[in-house]
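Just so you know, the sequences run in chain order A and B. Adding 9 to a residue's 1-based position in the first sequence gives its number in this note's numbering. Adding 4 to a residue's 1-based position in the second sequence gives its number in this note's numbering.
Everything labelled a hint here was simulated from the structure, so no lab data went into it. Where is the CB? At the ideal position from N, CA and C, for every residue including glycine. There may be inaccurate statements among the hints.
[Said to hold, decoys possible] Chain A regions said to be covered by chain B (calculated; three or more residues, Cβ under 8 angstroms):
no.: 1; segment: 55 to 66
no.: 2; segment: 145 to 154
[What the hints assert, rightly or not] Pair ranges (Cβ atoms, derived):
no.: 3; chain 1: A; residue 1: Ala171; chain 2: B; residue 2: Lys168; range: 47 to 57 angstroms
no.: 4; chain 1: A; residue 1: Lys184; chain 2: B; residue 2: Ser385; range: 53 to 63 angstroms
no.: 5; chain 1: A; residue 1: Lys194; chain 2: B; residue 2: His457; range: 39 to 49 angstroms
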Amino acid sequence: MYRFNRMKERILLIALLGAVLPAWGSQFPVAGLRLNPAFHLDVKELQPAAPGQGFLLQASNPEFEVVVKGVPIANPKTADQMARVTLGNIKNLYNPHGNPYAGQISSLIVCQKAFRPQSLHIRVGSSSREVLTGGANSRRLFGACTPDQIAYWAGYFNFYDAANSRNVDVRVYAKAQSPKPGDVKHLQKNLSAFLEHLMVDAKP
Amino acid sequence: MKRGIAIRVAALLLVCVFSFGYVAWFLTRPKPAGVQDRPNILVLSFCSFRIQMLSHYAGHDMGWVPAFDKFFANSSYVFENAFNGLEWEGVFSFTRPLIPHDLFTKLGYHLLGTVEAGHLLRIPYRQSRIDGYFDPDVNDNDFEKNHQADTDYLPSAVSSQMAKPFFLIAHYKYLHYPLIDYFNADSQWDYYLTPAERRLISEYLNHPEKYPEKMPLLMMLSDDPRVVLANPEVKARHWKDTPRSRIELMGLLTNPHFLKEWKDSPGYKDDLALLEKVYRGTARYLDKVVAPELNLWGNENLRRNTVLIVMSDHGEMHMERGHLTHGDSLYDEGLKVPVAIRFPGASGSPVSIKDQVDFSTIAKMIEGIMKGEITKDNLASMIPKLSDGVVMARDCQNDQRGLRYKNKWKYFVRIADGQRFLYDLQKDPGETVNVADTHPDIADKMESLYWDHYPQFSRLDYYHCAPWNGADAR
C-alpha cells in the first residue's frame, strides 16, 4: 500500500514539474501537445510522421509503456465515428462472448469483479476524453480479466488531431503481473495519474 | 307493372354490361412493363460449403460433388474471386436491405420466400428477421420433417408460379456442423471411412471422457452436449442446462486453447483425415439431394426462364492456420466462396469473372437482372460497375476487422492490441508475410477506406454475433 501511494505521489510531482520543463527534443506529431517530459519517456519513432500520413511511436520509462498511433482521416465526422467505435470495440473485449461462433464460453471469461474495466475522463488539449482502463495480457492484448491472464494494467483513449487530420490512438501499459484483487485499486490510481498528465501543452 | 319489369331488365342489363366490362378490363389491363420477359430468379445458397470441394476451383476433376461440378461447368459465369467478409451472413442478409421490397411488386415478381432447407443444425434457427422474403411455414430446419417439407416445397412452389416470375433463396445447412447426419439413413456420411476409422469415431463418441483433447473434432462431428461436458475443464467451470448455455457451448469450437490441445494430441493428423472424410461424405449426400434442384427438376418451362445462382455463404476452415469452422478468421480461406450463375440457354464454357465481388455486389447483380439491365450478354461488363473494390470483413466476436481491396490488398486490425496486418495478395496470395510495417502508407489508406465504408455495413444484422459499435450502427 505504502509503495503504491508513494508511486502515485511521485507521478504527480513529476507531472507538475513536466509542465514547466522544456519540450522533448523531437517534435511530437500532434498539434499543440507533447508528451510530458517529466516522465522521462524514451521515445522511438517507428513510423515518422509526414504531412497527410500516419505515424507510430513508442515511449517507455521503467514503469510505463506508451504506444501512440496516428491515422490520417480527412473527414472529422468519420474520425468521430472511428473514435467511438474503436473505444466501444475495446470495451466489448471484456464482455461475455456468448455466441455460436465465439472463441470462449461466457462463464470462462466473465470478468472477476475486481478486474472489470473502468472508465475515466482526462483532458487532452482543450477537450475531455474517455479513457478505458483494464487488464492486458503478456502480449499486451486488452481483454484480460483474470489474475492469471493479466500482465499489465492498461489504458486506452483516442482523439482527433484536426490540424493534422489524424485520429490519434493511445495505449498505455503499466506492469502488473498476476495482480491480486486488492492491488487493482492502486494500479488504477497510478495509471490514472500517469494518463491524466501524459500529454501537456506544447508550449509550457 | 310492365314499366317496372322493363326498368328491372334494363338495370340487370346495365349490371351485366358493367360486370362484363370490368372482367374484360381486368383481364386485359396493362401489366408492369416486361413482366412476361422477366426471368425467375432462384438462388441456392449452401452453408459452410468449402470451395476446395469443387473441381472448377481445384483446377482438376475431383468428382466429389458431381452435380455441383456439372453445374459449374455448364453455367454462364463463374466468379473466381467472390468473398463474404461477414462470415455469419448469407446472401439473403444483403438482398433484404439492398433490394427495396416494393421493387419486387413494381417489377411483377412473386416472392416465394427464403427457405431454410437442411436438417443438421439442431439449434432452433428461425429466420423471421428476413421479413418480406419469409414464409413462416417453411423456415425450421431442426427436424427431419421440416427439412422434408422444405425440400418438397421447392419444386411445387416454383412450378406453381408460371403466371409471373418468382424470386426465391433457398439456404441449405447440410454442411454446417455437426457433420454426422443422424436423421437420414441413406446419408452415408461415413461413405469414405474405412472400417477401422468407423470404429475409431464410434469409440470417440461413445467415450468422450477418454479423449477430452479431441473435443473440437467431436463437436464438429456431433453437437451432443455430452461430448463437451466430458471435458473436465469445461465440466468444472461451466454448465447450465438452458438453451442459451447450449448455444454458448458451441463457442468452444473456435476456442484457441482447446484447438491447440487437439492439435498437440496424438493422432491429430488422422483426426483431420477423419474430419475431411466425414465432411466429404456429407457433401456427397448433399450433392445427391440437390442434383434435381441444380437441374431445375428437369422442368423445361423453368429451364427456359429461370436464372439460377449457386453459391456458398462463407468459407469453412478445417484447421488451416489453426482455425476451425467459420466466423473467426479473416484470411481468404474463411471468406472465399464459390459462386456461379446460369442464364437460360447456357450450354457450357462459362466465362470467368475475375473481379473481386462481395455479397452486396451479388445483391446488386440480382437487382439488375430483375430490372432487365443485366443479361446473359452483358454481365461481365456490368460487374465492375457494381463494386467499388472493397469487401468489408469482420469476425463474429468483433475481435478483428478490416477489408479486402481489389484483389490487391488484405488488411485487418486485431482490436485487442491494435496490431495491423497487411498482405500483398498479388505477390503473396497465401497471406503469409505481414507488410503493414513496411507499407504503413497503404495500411493507413486501407484504414481510412474501412471507416468510409463502416456506416453502410454496420447496419447489417449481427444476429448471434457481437454487436457493431458506435451510434451509427443499428
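Please list, smallest to largest, the hint numbers that this structure does not respect. none
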